[in-house]
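Protein chains: 2
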Amino acid sequence: MAGKNAGEDRKGMHGQICPRIYPIEDWNVTELSFERENNYRNETTFALSNGYIGTRGTLEEGYDFSIEEGLEGNFVNGFYESEDIRYGEWNYGFPEKSQSLLNLPNGKRTRIFLDGEMFDLRKGEVRSYKRTLFMKEGFVRREVDWVSPGGKAVELVFERLVSMTHKNVMAQRVIVRLLDERKPEREEESGKYKVRKIKVQSYLDGDVENHTRKTNPLVDYGPFGKRLETERCEASEALLYYEGRTKKSGLRIGCGVATEAGWKNSGSGEGEEMPAEPLECRVETGGCYAKAEREFAAEAGKELVFDTYIVYFSSQDASGSLYDASVQECGRCREIGYERLKEEQREAFHNFWKYADVKIKGDDRLCQGMRFNLFHIMQAAGRDGKTGMGAKGLSGEGYEGHYFWDTEMYILPVFVYTAPEIAKALLEYRYSTLEQARARARVLGHPKGALFPWRTINGEEASTYFPLGTAQYHINADIAYAFSLYVDVTGDETFFMERAAEVLCETARVWADVGCFAEAKGDRYCICAVTGPDEYNAIVDNNFYTNLMARENIRDAVKALERLKGMGEEAYPEFVKRLGITEEEVAYWKRIVENMYFPYDEKREIYPLDDGFMMRKPWDDSRIPPEKRHLLYENYHPLFVYRQRMSKQADAVLGMLLHSNLFTMEELKRNYDFYQEVTLHHSSLSTCIFGILACQIGYYDEAHEYFSKSARMDLDDHHNNFYAGIHAANMAGTWLAVVYGFAGLRTNGGKLELKPYVPEAWEGYSFTVRYLGATLFVESSHRERCFVLTEGKELRFWLEGKEIILSEKENTYREEI
Amino acid sequence: MAGKNAGEDRKGMHGQICPRIYPIEDWNVTELSFERENNYRNETTFALSNGYIGTRGTLEEGYDFSIEEGLEGNFVNGFYESEDIRYGEWNYGFPEKSQSLLNLPNGKRTRIFLDGEMFDLRKGEVRSYKRTLFMKEGFVRREVDWVSPGGKAVELVFERLVSMTHKNVMAQRVIVRLLDERKPEREEESGKYKVRKIKVQSYLDGDVENHTRKTNPLVDYGPFGKRLETERCEASEALLYYEGRTKKSGLRIGCGVATEAGWKNSGSGEGEEMPAEPLECRVETGGCYAKAEREFAAEAGKELVFDTYIVYFSSQDASGSLYDASVQECGRCREIGYERLKEEQREAFHNFWKYADVKIKGDDRLCQGMRFNLFHIMQAAGRDGKTGMGAKGLSGEGYEGHYFWDTEMYILPVFVYTAPEIAKALLEYRYSTLEQARARARVLGHPKGALFPWRTINGEEASTYFPLGTAQYHINADIAYAFSLYVDVTGDETFFMERAAEVLCETARVWADVGCFAEAKGDRYCICAVTGPDEYNAIVDNNFYTNLMARENIRDAVKALERLKGMGEEAYPEFVKRLGITEEEVAYWKRIVENMYFPYDEKREIYPLDDGFMMRKPWDDSRIPPEKRHLLYENYHPLFVYRQRMSKQADAVLGMLLHSNLFTMEELKRNYDFYQEVTLHHSSLSTCIFGILACQIGYYDEAHEYFSKSARMDLDDHHNNFYAGIHAANMAGTWLAVVYGFAGLRTNGGKLELKPYVPEAWEGYSFTVRYLGATLFVESSHRERCFVLTEGKELRFWLEGKEIILSEKENTYREEI
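In order, the protein sequence lines correspond to chains A and B.
According to our numbering, the first sequence is numbered sequentially starting from 1.
According to our numbering, the second sequence is numbered sequentially starting from 1.
A few of these clues could be false.
Below, a list of computed lysine to aspartate or glutamate pairs in the DMTMM-like style, where the Cα atoms sit at most 25 angstroms apart [to be verified]: (1) Lys521(A) x Glu667(B); (2) Lys264(B) x Glu344(B); (3) Lys448(A) x Glu627(B); (4) Lys628(B) x Asp513(A); (5) Lys590(B) x Asp620(A); (6) Lys97(B) x Glu634(A); (7) Lys521(A) x Glu519(B); (8) Lys603(B) x Glu519(A); (9) Lys354(B) x Glu344(B); (10) Lys603(A) x Glu519(B); (11) Lys669(B) x Glu519(A); (12) Lys628(A) x Glu96(B).
Treat the hints as calculated values from the structure; they're not laboratory data.
Given these sequences and hints, build the entire structure.
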């Protein structure tokens, strides 16, 4: 659907645990043999990104697999193509142009030939094979011991990284290590198995297109086809270069590939390297490809080290010639060299893990899952203030690369507490689209304020199905919530004044216009015709989550205005003048805050999902054939789905979690119990949230079960669709599940609270959070809890209600249990 | 929208009274001069149909007007073309093939040349012009006195009829009457203005296509283009013939044109006619046209009478060769002759008016409007049991020729009381689609029963926008209501047993599955996620109209089963066995009937439109710029519209009217007052219904105002879109407004009730109704009321609660006031 299920459950066997294919390790994920049927999925597992470039973990040899077996994918965050959307029936305000993250030219293909025999895993003998994702260091290495059909033996090492320190750069290294040749059977054949020449073929392929539409039954606005028109395509010894322009969005991309070859003494590790001069270098270009073939005379006792630098420049953020930028960046890469790039990569990842790592002691399986999840969201988040984070990061074409509420509600809290500079960059991106959100609010009939789009890349609404798209107004409050959270946790006053206050007020304005005080509901403020997070109940009145989040959005706006008043003489008057905020307007906001309506079931004493929820048909799974149960929208008409009293995913429960300070424990329990019964968890955004609330109300076993599913959802491919890309929100949700869940971290009451609990199955866990400029390391086991202030002058927090103050002097608090 | 506003208000100046362009007459509508700017509209005014063929009132000369000025249109009821529908996002159960009533080859074009000068109203001098729709007789005549640019004077008479007695036939007559020529200025030029040769060019044009999509912004599934592939196209002296097959639906249409020419003595009226032999007859064909040109030597004192027979045969109901059928039918027409066809037409119309005419005395303007309306619905209704009646009849391409609920709820009651054989044919059509409705119910997840499509031609759902399409489940109850009404009013027992009982039970089954007994509503039966008739409030819970109609649908099904029990030993057991109806099922139905939930506002003591209605934003017209007020869906996003507390059209009010016996007068008044305030009447289906209820509660002035708008809506083009076709439902609504409204006719209490009232502005009115085999003539004035049994043995009715019995002997009841 427009929202979050397109493709999600497509081939789904949701809930079924797929065979684990990687051994349990702490910091690595390793593939031990090449199995063609796992290829598609492994392309996502080994996908790399730096938040700008994203590349799928395809193999350097560039196999011609079908679209059922694999998908070559190279993306640049924010680089999209448009086309005219066609509707069964058009309505005013329906988006007219689509946005699709475009699959870009591929420069990774590097083929190795031994005296003319091409390295191919499908041929000859693979004597050993290992591919490892080094999550701690941020790169992938593949080692293959291979004997060609002609009997030539070689050890090949492939490394790849997408640079965290040079946003336009991806780098690859291939090491060709000739092995002692076999002795031939007859003496006159001496040297039969000796390799004389090594040829390396570099290939930059501009004949690329998106494939999602071929495999996704719900996307229905036409075949996509090839969307780049070649503007320059050339090959020289120094550079392979492709430049193309998209047909509709008019964006240009330049992709350059430069290489460097050297010899090393075999077995010398990372020692001195000598330049390798090819015997011959042949270059060639076609309509949209550029190729270079270098042939080297094999040297005894030496291994060939072949480095490839692939750079991408987009017209969206390079001002001058894309070609010049590519030439320059490739030159810089050659100067820096692969080794140094890798060193920088290690440092960058070290810096990330220093704050982000969550160690689960006593369960390596979950620990590995957790790190895998953190690795993927960390690498995929846009960090340039011009891009967000897609629901599938940059790991595939799923959801057309769109940014949803996932960013703000699932991903962002992780960064707020561990890498606030990334959180800030993501919010800067949203802020940069505020003008478009204002325009969108007008389209929806709101005279003031801003309405953020449900799904977008460029800031415009791209949802083609408004019941599960534009109707999800809650994204406005979600974004406002994220701005508040960032400011509350980081204390970033400049950002508050320059960004957050404006976003809070502009989003509040839409909430103040969308509903009304209804006499029929005791003059409470009602909001009709919206869709909450739950996509199985669309176009409803008074969705609990929406009303709650809207109220808090407005409350935060009111608070922001109060706070501005305290920030010097000029701040407040200038702000209200600029936005034209009147006292009457603020008074109206306050009235809404005090009089928000919430659906309530007197008998059960719970908050139903929305006004109509308790009137819908009790859900009866048995009426649904098993194979259709997790694919509701593909097997049932939306109206059938809307009429059932069930929920796809955490909805009211998420609201109660985010504002848990506003509810009593009894309320939380009653509501949790109710929603636990009616929620199908057909979205990957659901279990982590239930797990957290389960912790809060002491349902620890249930919480542990939810967490276990959540932590390895992608690594074990529970949804059987990992091939299509990561489930970024759930990945972030596992961090939340430990930190918000088991450790009970909350800041929603205005102070840092903790209430660590260690599940019985574990020995303990540790993690780090950053709060108001300080850094707190938390370690909890069944025996004790330990809190260390590792950075900052002072930190005050509440441990199960007890105030603890750490300082530089007394930086540790330890408590036995 | 999917429903009924596509195009309706497109160019609208809704509510504004356009200049009246026809003089007030009792039985005719006359155009007194040809004004190009009125052409498009006049094409609808003078459109003719027999329920099978429909043709727009285009001129025989075949002008090359732009699509802003006119639309040649020839249709065969039920003949449609399909194409693949494309959606912004596809969902399960969305129709995959469209259905569009196809604009067919045109055989009307008949051009007259006087010595080579072509008759053209835009050239030369038009000395007089008159076109008249003879509603009493069922044909159109145009008389033009014209002098060519070359000074030749002629009187031309064009007549056209679409035969009520030969469903495949349309006939045209042209009379060319040469006038005394002017004397030239110089004697040597004697004879300069004398016409020597008359050429008649007949032209069958297969190069046709639909144009709606070019002018309708809401239809958005691609350009339509030419859809007929020519299979045969030929011209001979005897016949012009075109046969083509649609590209996607695979239907074939054959169209033949035959002509006959004769001489008459000028001024001899309809006397003896002599065959006219042409000097020359040239025939010609191109890729998809066939042409014949006949040249006649002018004869002094004689006028040329040129008759054209145009026949259409479709593969949908002709079993053999379409060509053979066309040849045969053309031959038959020649035998019968134009005069006789016209005579038959007169008789057929006489027979119709005998029962259908409503005479309004003292207001010729309204009387003319009423007759115009009745004429159009009468001629356009399908009467072969295989076709229904489109929302625009067969007068244009609007709504793609689809059949909606309009047929059953607006059109059908008129026929039930005046032409039950047409009512029956329309219901037979619905019954013929029952299997498709059963299949559709499965698609919507209902294990039993039938769900009729919101819009269709071939019985499949063709709505491309489910919030205003498939969600309008009420059509199921509407159709059931119509079956009940027909049986109740006609007493047709065979039809009850063979058709109605099954439809009632199958529709009831969907109602019994769609909702549930909700604890939260006191265990009342609730129906969620439907759209009522009101299209400004979509996907709502417990729409009052829907719940009411659903309950009555189920009640009628229960009654039908009871009635079957009394119809011989076999009827009931066979019926329940065939449909698999169990006692538990019927018990469940009864429980629903007894426990249906209705939204109720305690304070106002009214029934809101639906559960959420009272929470929506009070409508504020002043926020909407005047030019956008009547085009809401073209200027506002659906979500904006859904959130307003206003109603597009009669919704709850219609339900209360149809079941007025279930409400007290006070209830009706309170609800009417409430809806009167919140209803915008942006649908043409609204005012007539309000007018009727206004009568019932004694708001006669208001009723008269509503009626006045309704009666001349199309003739005066109030919606400024009459060019696109008739508003059939409103046309029928004006009959209802007099008979149900001012005369207070009801049968919903199980007996015929009347309560005639004459508006002050009128002298009186008269009409006829047929009830249980008898015919009652009703005449009412300010002085007296008179009731005459004109057919049948006995009739019992209640006049303002007083029982009156008329019989053959005492066939008149008269009462002074």
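Taking the hints in turn, this is what the structure says about them:
Between the alpha carbons of Lys521(A) and Glu667(B) the distance comes to roughly 22 angstroms, so the proposed pair stays at or under 25 angstroms and holds. Distance hint between Lys264(B) and Glu344(B) is fulfilled; the C-alpha atoms sit about 22 angstroms from each other, no more than 25 angstroms. Proposed proximity of Lys448(A) and Glu627(B) is supported: the alpha carbons are some 21 angstroms apart, at most 25 angstroms. With a C-alpha separation of about 20 angstroms, the suggested pairing of Lys628(B) with Asp513(A) holds against the 25 angstroms cut-off.
A distance of roughly 23 angstroms separates the Cα atoms of Lys590(B) and Asp620(A); the hinted pair therefore holds under the 25 angstroms criterion. For the hint pairing Lys97(B) with Glu634(A), the CA-to-CA distance comes to about 18 angstroms; that is within 25 angstroms, so the pair holds. Proximity of Lys521(A) to Glu519(B) is assessed by CA-CA distance (about 20 angstroms); at most 25 angstroms being required, the pair is judged to hold. Restraint check: the Cα-Cα separation between Lys603(B) and Glu519(A) comes to about 9 angstroms, which is no more than 25 angstroms; the hinted pair holds.
For a cut-off of 25 angstroms, the pair hint linking Lys354(B) to Glu344(B) stands: about 15 angstroms separates their Cα positions. Our distance criterion of 25 angstroms between C-alpha atoms is met by Lys603(A) and Glu519(B), whose separation comes to about 9 angstroms. Taken as a hint, the Lys669(B) and Glu519(A) pair is honoured in the structure, with Cα atoms around 22 angstroms apart against an allowance of 25 angstroms. A hinted pair counts as satisfied when its Cα atoms are at most 25 angstroms apart, and Lys628(A) with Glu96(B) qualifies at roughly 21 angstroms.
Hint check: no violations occur; every hint is consistent with the structure.
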